[in-house]
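Participant: Next come the chains, spelled out residue by residue.
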Amino acid sequence: MIKNKKKEAMKTIGTYICLIVMVVISVFPILWMFDSSLKGQSEIYTSPPTFMIQHVTLENYLRVLLDSGIPRAFLNSAVISITATSITVVLGCLAGYGFSRYRFKGKKALYVGLLYGQMMPAVVLIIPIYLVFSKIGLIDSYFSLILPDVAITIPLATLMLKGFFDGVPIELEEAARIDGATKLGTLCRIVIPIAKPGLVSVAIYTFLSTWEEFIFALNLTNSASIRTLPIAINMFKGEFIIDWGAIMSSGAVISLPVILLFVLCNKVFVKGLSEGGVKG
Amino acid sequence: MKIKRKKLNHKNSGMLFILPALLVVASVMLFPLVYNIVLSFFEKTIYSPEWKFVGLEQYQHLLMSDSFLNALKNTIVWTFFSVLFQFAIGFACALVLSQDRVKFRGVWRCLIMLPWVLPAVIGSMVWKWMYHSDFGILNQILITAGFIDKALPWTGSKSLALISAIIVNTWKMFPLVILYIEASLQSVPKSLEDAAVVDGANSWNCFKVVTWPHIAGTCKTVVLLLTIWTLNAFTFIFVLTGGGPGTSSQVLSMFIYKEAFQNFNFGNAATASSILFIIVAIFSTIYIKSSIGGDES
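Chain order of the listed sequences is V and B. For what it's worth, my numbering labels the leading residue of the first sequence as 670, then goes sequentially. For what it's worth, my numbering labels the leading residue of the second sequence as 1453, then goes sequentially.
Be aware that one or more of the hints could be misleading.
The calculated label-pair distances, taken between Cβ atoms and stated as ranges, are [to be verified]: (1) B:Asp1646 x V:Thr684: 15 to 21 Å; (2) B:Phe1716 x V:Lys940: 35 to 41 Å; (3) V:Val693 x B:Ser1519: 50 to 56 Å; (4) V:Leu744 x B:Phe1556: 35 to 41 Å; (5) V:Leu731 x B:Arg1557: 35 to 41 Å; (6) V:Ser755 x B:Asn1522: 40 to 46 Å; (7) V:Leu700 x B:Pro1697: 26 to 32 Å; (8) V:Leu700 x B:Asp1646: 37 to 43 Å; (9) V:Lys936 x B:Ile1734: 36 to 42 Å; (10) B:Ser1465 x V:Leu731: 52 to 58 Å.
Pairs of lysine to aspartate or glutamate, DMTMM-like flavour, derived with a Cα cap of 25 Å [stated by the list, open to error]: (11) V:Lys906 x B:Asp1518; (12) V:Lys680 x B:Glu1645; (13) V:Lys906 x V:Glu843; (14) V:Lys906 x V:Glu677; (15) V:Lys675 x B:Glu1509; (16) B:Lys1555 x V:Asp704; (17) V:Lys674 x B:Glu1645; (18) V:Lys680 x B:Asp1651; (19) B:Lys1642 x V:Glu677; (20) V:Lys676 x B:Asp1552; (21) V:Lys674 x B:Asp1552; (22) B:Lys1660 x V:Glu842; (23) V:Lys940 x B:Asp1651; (24) B:Lys1642 x B:Asp1552; (25) V:Lys774 x V:Glu843; (26) V:Lys676 x B:Asp1586; (27) B:Lys1602 x V:Glu712; (28) B:Lys1610 x V:Asp736; (29) B:Lys1610 x B:Asp1518; (30) B:Lys1602 x V:Glu843; (31) B:Lys1710 x V:Glu908; (32) V:Lys675 x B:Asp1552; (33) V:Lys672 x B:Asp1651; (34) V:Lys774 x V:Asp835; (35) V:Lys940 x B:Glu1645; (36) B:Lys1672 x V:Asp809; (37) V:Lys674 x B:Glu1509; (38) V:Lys865 x V:Glu842; (39) B:Lys1525 x B:Glu1509; (40) V:Lys776 x V:Glu843.
These aren't lab readings, by the way, just hints derived from the structure by calculation. We treat Cβ as the ideally placed atom computed from N, Cα and C, and that holds for glycine.
Let the sequences and hints guide you as you build the complete structure.
Facilitator: Encoded structure:
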């Protein structure tokens, strides 16, 4: 009996040691980013590096926030990500509802097409999109990033939302229809409120992917007034000199919104993702 | 009978709901894909700015060129090891995290998920800083722990560049594996596990007979998705090594990007992307077949 108890205690200790190791591996690089961002120029370039900071300074942040393209890029990123996420969620809701509730010709083919769309390599799309956009003068506009962002996030959003809508009992809608609601009205007033956790996870997922979108932003923009954060951070990288302090503090500025969003909505997000998206 | 009539009445409404999404996907995915395949039969370089039809010549040329074959080889190494590590580590973590004895599971999960939340560019930048041969903390940690004697050049070395990128890719994506596996572990009926234990099964047997059959499908899905994502991944390599030193970490996506936007050899790049598309499409087809099969049952 005592032996069993001891064995159990050992197992519990082992489990927590594993968990701590996992957390350290996950979180350490992020902490190191914040740590480095608070070091002065002379301290950041010391060898060997230390985790303790002798003089905590905000000079990197001041340089990034007052004297660089990061604030403007932050605005650009926010406009593009929020617009793209809103469009994706609305179009994804409509399409997910269509797939979930209706039967029509070519439905299966479209569904399979959507699944392929989800897998499409961005690098395959970028060349033709670049050639077409530069021909019709769309390069370097908000639109040139929002459109691809919406397109690459729609397939997964639709598939996830279809999964959530499948779980909403159809009887509720029938009752609403009898009471005279339109199809769109039923979707907005009955189905969407029930599938709200799903909607939230789709919105977060979409926002995270548009916030970090890189390859389209790299090739379809070139002026500072359109440039997004993942591209703007590269301007601290010169031919020979890299301003690591500025990169780490802009990294912190860029990550903070998504980290906060994730920590605050973590419960709904994980629940939504495990119920809807994980099925595949 | 009632249901059938209802579905028939709304025959076209379904299409209307899907149409807006369809238009976006068709214009930004389907059209470029077709256009890309068409381009792959034409030659356009910086010296010959007009598009010239050359048929399959570029495919032939590409499949025999050393730089393309090198990129293909690197892609295989990059994908295989990334997926292996992502899955193995994610799977092990999911098993640890899903035990009943774990308290505050939500908090642990939230912390472990953070690398996945961090934008890929930032994650790669931070790791590049940690890999720094003079001021990098990673070398310092490894030296202190006694794993290495002197600082390694990581991204600056031909033999370590690809491994450095694989480590970052693994770090970023293993948390997502945890989420998938954990969700499918929850679908294993507790009563079955208990019954197996009562029957005297040890934990390995219990896992093999009870747990595995329930999660095997998800594992297959996850491995296929990771493979597709890693084949498509571009940011890690672009930020960490730029494909270098030399071409030691040049994967297909990097090769395509350089051909198009540095060498302005758009024809060749289109050909290489068609080949990448075919590779991804093969894995996608396996994935889609198994996921649709799962839906029907």
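Participant: Against this structure, judge whether each hint is valid.
Facilitator: Against the structure, the hints:
For B:Asp1646 and V:Thr684, the hinted distance range of 15 to 21 Å is satisfied, since their beta carbons lie about 20 Å from each other. Between B:Phe1716 and V:Lys940 the C-beta distance comes to about 48 Å, which lies outside the given range of 35 to 41 Å. Distance hint check for V:Val693 and B:Ser1519: the Cβ-Cβ separation is about 40 Å, which falls outside the suggested range of 50 to 56 Å. Separated by about 37 Å at the C-beta atoms, V:Leu744 and B:Phe1556 satisfy the suggested range of 35 to 41 Å.
At roughly 40 Å, the beta-carbon separation of V:Leu731 and B:Arg1557 lies within the given 35 to 41 Å, and the hint holds. Between V:Ser755 and B:Asn1522 the beta carbons are some 43 Å apart, a value that agrees with the proposed interval 40 to 46 Å. Range check, V:Leu700 to B:Pro1697: Cβ separation about 29 Å, and the 26 to 32 Å hint holds. At about 41 Å, the beta-carbon gap between V:Leu700 and B:Asp1646 stays in the expected band of 37 to 43 Å.
At about 38 Å, the CB distance of V:Lys936 to B:Ile1734 agrees with the hint of 36 to 42 Å. In this structure the supplied range 52 to 58 Å holds for B:Ser1465 paired with V:Leu731, their Cβ-Cβ distance being about 57 Å. With a C-alpha separation of about 31 Å, the suggested pairing of V:Lys906 with B:Asp1518 is violated against the 25 Å cut-off. Straight-line distance between C-alpha atoms of V:Lys680 and B:Glu1645 comes to about 19 Å, which keeps the hinted pair within the 25 Å bound.
Between V:Lys906 and V:Glu843 the alpha-carbon distance is near 59 Å, which puts this suggested pair outside the 25 Å criterion. A hinted pair counts as satisfied when its Cα atoms are at most 25 Å apart, and V:Lys906 with V:Glu677 does not qualify at roughly 52 Å. Distance restraint check for V:Lys675 and B:Glu1509: the Cα-Cα separation of roughly 71 Å exceeds the 25 Å cut-off, and the hinted pair is therefore not satisfied. Between the alpha carbons of B:Lys1555 and V:Asp704 the distance comes to roughly 29 Å, so the proposed pair goes past 25 Å and is violated.
Taken as a hint, the V:Lys674 and B:Glu1645 pair is honoured in the structure, with Cα atoms around 21 Å apart against an allowance of 25 Å. At roughly 22 Å between alpha-carbon atoms, V:Lys680 and B:Asp1651 fall within 25 Å of each other, so this suggested pair holds. Between B:Lys1642 and V:Glu677, the direct Cα distance comes to roughly 19 Å. Compliance with the 25 Å bound is thereby established for this hinted pair. For the proposed pair V:Lys676 and B:Asp1552, the alpha carbon gap of about 15 Å is at most 25 Å, so the pair holds.
In summary, the hint linking V:Lys674 to B:Asp1552 is supported, as the alpha carbons are separated by about 16 Å, within the 25 Å threshold. Distance restraint check for B:Lys1660 and V:Glu842: the Cα-Cα separation of roughly 43 Å exceeds the 25 Å cut-off, and the hinted pair is therefore not satisfied. For the proposed pair V:Lys940 and B:Asp1651, the alpha carbon gap of about 33 Å is over 25 Å, so the pair is violated. Under the criterion of a C-alpha separation no larger than 25 Å, the hint pairing B:Lys1642 with B:Asp1552 is consistent with the structure, at around 11 Å.
Between the alpha carbons of V:Lys774 and V:Glu843 the distance comes to roughly 23 Å, so the proposed pair stays at or under 25 Å and holds. The hinted pair formed by V:Lys676 and B:Asp1586 fails the criterion: a straight-line CA distance of about 45 Å is larger than 25 Å. Taking the CA atoms of B:Lys1602 and V:Glu712, the gap is near 22 Å; set against the 25 Å cutoff, the hint holds. Distance hint between B:Lys1610 and V:Asp736 is unfulfilled; the C-alpha atoms sit about 37 Å from each other, more than 25 Å.
For the given pair, B:Lys1610 sits about 17 Å from B:Asp1518 by alpha-carbon distance, which is consistent with the 25 Å threshold. Distance restraint check for B:Lys1602 and V:Glu843: the Cα-Cα separation of roughly 71 Å exceeds the 25 Å cut-off, and the hinted pair is therefore not satisfied. Under the criterion of a C-alpha separation no larger than 25 Å, the hint pairing B:Lys1710 with V:Glu908 is consistent with the structure, at around 18 Å. Straight-line distance between C-alpha atoms of V:Lys675 and B:Asp1552 comes to about 17 Å, which keeps the hinted pair within the 25 Å bound.
For the hint linking V:Lys672 to B:Asp1651, the alpha-carbon distance of about 22 Å falls within 25 Å, and the restraint holds. Restraint check for V:Lys774 and V:Asp835: satisfied, since their Cα atoms lie roughly 19 Å apart, inside the 25 Å limit. Taken as a hint, the V:Lys940 and B:Glu1645 pair is honoured in the structure, with Cα atoms around 24 Å apart against an allowance of 25 Å. In summary, the hint linking B:Lys1672 to V:Asp809 is not supported, as the alpha carbons are separated by about 41 Å, beyond the 25 Å threshold.
For the suggested pair V:Lys674 and B:Glu1509, the alpha carbons sit about 72 Å apart, so the restraint of at most 25 Å is broken. The suggested pairing of V:Lys865 with V:Glu842 holds, with an alpha-carbon distance near 16 Å, which does not exceed 25 Å. Pair hint B:Lys1525 plus B:Glu1509 holds up; C-alpha atoms about 22 Å apart against a cutoff of 25 Å. As the CA atoms of V:Lys776 and V:Glu843 are separated by approximately 23 Å, the hinted pair is consistent with the 25 Å bound.
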